[in-house]
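Please put together the full structure from these sequences, using the hints given.
Listed below, chain by chain, are the residues.
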Amino acid sequence: MIHIVTAENRDQFTEQLEQAYRLRHTVFVDEMKWEELRKPDGREIDQFDDERALHMLYVRDGIVLGYQRMLPTIRAHLLSDVMPELCDDDRPSGPDIWEWTRYCVARAHRERGRALSPIANALLSGIVEWGLQCGVNRIIIEMDPIWLLRLVQLHFRVTPLGLPKRIGGSDIVAVVAAFDERTLNRLREMRGDHSTVLVEESQSKTVSA
Amino acid sequence: MSRRDLDRTLEFVRSLEHAKSADAICAAMLKTVSRFGIRHILAGTIPTPRSTRKQQEAHVLLHDWPQAWWDRYFSNGYLFVDPAIKHVLNDTRPFLWSELDPLCHDDPAAARVMNEASEFQLKQGFTVSLMTLDDTSAGFSFAGEKFDLAPEHHGMLQLLATYALGRTLIVEEPLQVPLTPRERDVLRWAAEGKTDWEIGIILHISEHTSDKMLRLVRQKLTASNRAHAIAKAIRFGIID
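These protein sequence lines map, in sequence, to chains E and V. Residue numbers for the first sequence follow my numbering, so the first one is 1 and each next one is one higher. Residue numbers for the second sequence follow my numbering, so the first one is 1 and each next one is one higher.
Hints were generated in silico from the structure; no laboratory data involved.
Restraint-style ranges between C-beta atoms, simulated for each label pair:
id, chain 1, residue 1, chain 2, residue 2, range
1, V, 178, E, 84, 46 to 52 Å
2, E, 10, V, 93, 37 to 43 Å
3, V, 23, E, 180, 26 to 32 Å
4, E, 41, V, 60, 48 to 54 Å
5, E, 30, V, 123, 41 to 47 Å
Selected chain E positions facing chain V (Cβ under 10 Å, derived; list incomplete):
id, residue
6, 89
7, 116
8, 145
9, 147
10, 150
11, 151
12, 152
13, 154
14, 155
15, 161
16, 166
17, 189
Ideal placement from N, C-alpha and C gives every residue a C-beta, glycine not left out.
Here it is, written out as structure tokens:
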């Protein structure tokens, strides 16, 4: 299940958030070799992890196995401040558009060779469920273009914001991906489960926020 | 430069919304890429080793490929020695066929495939590696006699290939069981907003039969309700 952690409820998630920062370090620094993110304490935290960031934690038996971070586009985010060169078009921003970053799943739970691991599916479903509840209908993504086809097949309506560029040894393209009920149905069909992935408590938290 | 290429890419993506068949997608693609000297395209998922010619051909999703080369390629089992196929399976980055030269040096069979291809108007090529939702590798090749392609266009071709294949997988999503003409009629009237009772009157069948047929149609289309079935049928081009 997925917990949504914001400035409002982060006190209840201190320990899980610690785990999440370590998972980020393991995946992005140790595995993917994003050396500029390396931290001596093994917690990958950047300037965007402030009170406006929204963390989604996939937690099973108290262990954080998956993570992603949503940033509002009405203030500084990666596309505006870190990789503006990826955007050749007008940069989309507004309360209904958030940026999706730091998506990661613990290595042992990626289940290679399967369509979309259950945790990957839950994380994506988490974005769509949260978005549909909170009036967010588009996400900005910077990613390897190899993932684009999967998003298209999942019924995200993906529009490139620029052509792919080579940054630090990887190809990266910035896109804005719109989603709706169709996207959620598709993800649920693939999961074979039509129940919500968001933990009840975080649902009410975000709706009231 | 980059901005104009992005505009062309976006225009192509928009044009795909109206493409209802693999042939239409192929035509839209060739129109967009002919400025680069590209005359032929072929895209498909990669068959497993030892598959038959028929199975290999069924993996092709989009093609405008020289027929003579197609026949030669599949009848000689070239797919299993084709260095471009090997590259697609090993690397997610797009590549020019000229980058395959090192692979051909110590593999005479691979070198032969590439040499022969060049005699069939496929002198130069560019292939994009793709990965589908069910984790199947796919390749999208562009080829011609003489390319006029700058390195900064590689990313553009990668995007075009991705969208074209994504659209193809949606429009060509095979139906397990085809609809009968009568089921299509019932569905068409349901799409017009008619109730089972009204459809019954129009088609001279009972209300019960109309309801039963629509349930079967929903099953065939793996749709969760009537509206979903209608949406899918339109997407597949079964009804207009």
